[in-house]
Structure formats: structure tokens, C-alpha cells
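Q: Sequence:
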Amino acid sequence: MGKNITLIDADPTSFSKLSRIMAETKFSNLFIVMEDIEDARYVLKNLALINTKMRVVLVNQWDDDEIGKEEENINIIHADALLAAHLYDQLPNVPLVAQNVGLGRGEIMEVHVPFGSSYAYRHIGSILQRKWKIAAVYRDEKQILPTNATMIKPNDTLLILGKPLVLDGIYKTINKRMGLFPEPFGKDIYLIIDFRYDKKNALKYLEESLYLLGKLENKSLFVRIIFPNDFALLNTIKSYETDNITISASFQNEGIDALIEYDIHEYNIGLVMTSIPAFEADKRQNTLYNLKKLVYVFGNRPLIEAENTVVLMQRHEKMESISSTAFDISETLGLPLNLCDFDPEGDFESRQMIIEHYETLTHIFNMEIEVEQKVSNPIRELGKMSNILQIAPFEADLNTINYKKLISSKIQDFLLTTEKHPKLLVPFAIVEG
Numbered sequence: 001m002g003k004n005i006t007l008i009d010a011d012p013t014s015f016s017k018l019s020r021i022m023a024e025t026k027f028s029n030l031f032i033v034m035e036d037i038e039d040a041r042y043v044l045k046n047l048a049l050i051n052t053k054m055r056v057v058l059v060n061q062w063d064d065d066e067i068g069k070e071e072e073n074i075n076i077i078h079a080d081a082l083l084a085a086h087l088y089d090q091l092p093n094v095p096l097v098a099q100n101v102g103l104g105r106g107e108i109m110e111v112h113v114p115f116g117s118s119y120a121y122r123h124i125g126s127i128l129q130r131k132w133k134i135a136a137v138y139r140d141e142k143q144i145l146p147t148n149a150t151m152i153k154p155n156d157t158l159l160i161l162g163k164p165l166v167l168d169g170i171y172k173t174i175n176k177r178m179g180l181f182p183e184p185f186g187k188d189i190y191l192i193i194d195f196r197y198d199k200k201n202a203l204k205y206l207e208e209s210l211y212l213l214g215k216l217e218n219k220s221l222f223v224r225i226i227f228p229n230d231f232a233l234l235n236t237i238k239s240y241e242t243d244n245i246t247i248s249a250s251f252q253n254e255g256i257d258a259l260i261e262y263d264i265h266e267y268n269i270g271l272v273m274t275s276i277p278a279f280e281a282d283k284r285q286n287t288l289y290n291l292k293k294l295v296y297v298f299g300n301r302p303l304i305e306a307e308n309t310v311v312l313m314q315r316h317e318k319m320e321s322i323s324s325t326a327f328d329i330s331e332t333l334g335l336p337l338n339l340c341d342f343d344p345e346g347d348f349e350s351r352q353m354i355i356e357h358y359e360t361l362t363h364i365f366n367m368e369i370e371v372e373q374k375v376s377n378p379i380r381e382l383g384k385m386s387n388i389l390q391i392a393p394f395e396a397d398l399n400t401i402n403y404k405k406l407i408s409s410k411i412q413d414f415l416l417t418t419e420k421h422p423k424l425l426v427p428f429a430i431v432e433g
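Just so it is clear: in the sequence shown, position 267 is 267 by our numbering, and no numbers are missing.
Hint data in this document are derived by calculation from the structure and do not stem from the laboratory.
Think about it this way: if two alpha-carbon atoms lie no more than 27 Å apart in a straight line, the pair counts; the simulated BS3-like pairs of lysine-lysine are:
| id | residue 1 | residue 2 |
| --- | --- | --- |
| 1 | K420 | K384 |
| 2 | K200 | K215 |
| 3 | K238 | K200 |
| 4 | K176 | K292 |
| 5 | K163 | K131 |
A quick note: this is a predicted structure, and the numbers were derived from the prediction, not measured.
Turn these sequences into a full structure, and let the hints guide you.
A: What follows is the structure, given as C-alpha cells:
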């Protein structure tokens, strides 16, 4: 035996022998693991006469559920339940829950990220972790303490912490295949109609939202009307309400962004649809950025006319962060994806890794991409395009001031100052340093 283990050969059903052993050594815990139930009962009776306060763990491997139940200091472990739990842990595609760590109620979970997961190829900083947290990532038998810049990859194992019910939902989302847009950002769609800016195009925006809703499976649309000052138009919009289309109007002039934030959490919103003026108003852009939700910005051309989706290549981290969503929405709409590398200097080699990353995803989604490289100004090339849906990173520093276009060559400085094409903004975590 080991130096810290002492083996005593004695019969614990004998009161005299057991009391003598316990008198010689002070024990804080006692485990009872016996084959015969009658022997176990004798041991429990002896212990009740010797020490009623000692913590006792009884392994119950019989059909009798009453043994030891009446004693407060006895913790009963059912052998069948223990075996079943271990067997369950070996099944494929089930979460591993920490049994003897923390509260042991499922608040610590280990989840495998399969190929095709909606979480694959996403930066952790772009994931809203509300009432839960990614504590560690395990990859190639190594532990990674994640930062915002850490990208989740297929075959990673995530150690997540949070409320058990929340973790159950996260586990199901991680194991859902891409193609369930707008997940994993949320399940349903949220349309903001601000009558201060959107009255003229309100019905057009609603029809465009319904077109997208029709392309999705088992999703709902929630319409939030703010600053309603045209009751005839309001009633027309409300006539569109159905089982999966909810329309609500707010007649308050204050606390609008707090109401929008409440709606988004309450209805598990993954995609927010809005016009550029409504997006810019009252610092709403900051509110939606902090919520880490997809934002669809309406353009002058409707989505139904889009013939392909376009990603203009930028920094490597940004392109990786939006890649899985770019494929997901393209597959959902049945549109080809164009990866465009327009560079005035012709420096295409520095972005070769981005192209390789997107080509890897083509195998997961079973769809092709078209890569276009051209020595040109990306903004001018974008202006020449027709009938596209532009997909871009949703950054905190999207400029909305027109005069900055004159001195900037950054793509994000033109996203909200050009209204020709609709745009899908994908949450992106700014990596410091």
C-alpha cells in the first residue's frame, strides 16, 4: 500500500472492533462500500452508537432506497445512477457536466465543437456571453485561456460556465449546423421602423423583411414601431400581423433604446433590420454594437434583387470573424459568394491566408466562392456593382460623417454613407495591441 494508506483487516459489522479502530484514529469521513445490504445495515447501526456527527458516504447498490435515508449525516450515492451517468458521458454528442465540481448541477459544462457548427470559425469576442462564459478552449491536447481574438475551430472543446438552463441552450446551439441563419446570434428577426425617418419606405422595409423571413426555417419577425405619428400607416402595418409576425408600437419618446434592448433579449433576436438614419439616430448604433447582434441595413435596392453576396477583403482577423456568417447567409439566400480583393497597391500576397481560410469553408458548406483580385480602389469598384448584398464587419468605429470620405480609404468609413446596396453587418471584436 502507499505510504498514506493504511490497510486494516477487521470486520466492521462488529461493534467492538469498529469502535476500537475509530478510537485509535480520528476520522473525518467514512465511506461504506459493501456487497451485502445486511452488513451495511449493521455498520450503520454501529456508527450511530459511536459517532452521529461523522460525515458518512454510503454506496447504495441495492433496490432498497430506505437504507440510511433517515440519518442526516449520511450522503447516499446510488451505484446504478453513477454508472448510468458515466455511460451517458461516453455517448456521442452529449455535453459533459462537472459532477463533483462547484454545485454539481450542470453549471460547468464541456462541449465539443463539431464540423459545421454555427460556432466554428467565430472569434470569442463576437459572441454575446450573457449569463454564461467560455472559460477555456482545448485544442490538440492543449489548454487555451481565451481572449476576444481567440477563434473557435472545429474539433475544439469548450469549457463553459453559467446557469444550467442557459448552458443547455448554448450546447444545442453549438451542435446546430450552419444554415440556420441568423443563429448563433439569436433565433428571430427584429425590424425597427422609426416614423421620423422611415415613414416613406416603411411598407417597403416590411416587405423586404417578410421576403427574408420566407427564406428562413421556423423563424419569427418582431416589428417595433417607434415615434408613430401616422395612424393610417400604423394600422396598415398592423394588418400584416400573423402567428409568426408580431407588430408593436411605442408611443413614448424616451427610453427607446432600453426598450429595443429589452425586446432583443426577450424575443431571442439574432438579426436586427433597420434603415441607415434609424441606425444612426440616438446612438442606436452603439446599443446594437454592444448587443453583438447581426444588423441588416436597408439599401436603395431591395434584397430580392440581389444576385450575389460580396465581401471586400480587409484585415485578416476581420475576414475570419465574418466568414462563417458570409457563407451562411449566402447559402440561405441561394446566392453565390464573391470574395473581392481590390488593392490600389496590388499587394495581394499579404491576404493569401484569407483566401485559404475561405476556401476551407467551401468544403464545409459545399459551395463555391469566386475570388476577384484587382489593382483598384475598393470603394470605386463597389460603386460599380449592382444587385448585391454587401457583408462587412460591424465595428464600433463605423464613421457616419460624409466629409471623412474625402480623406479616408477605409471600407468601414463608407458603409453608412453609401445607400445603394443593402448591407449585413457582422459583430466583430476589436483586438487591442
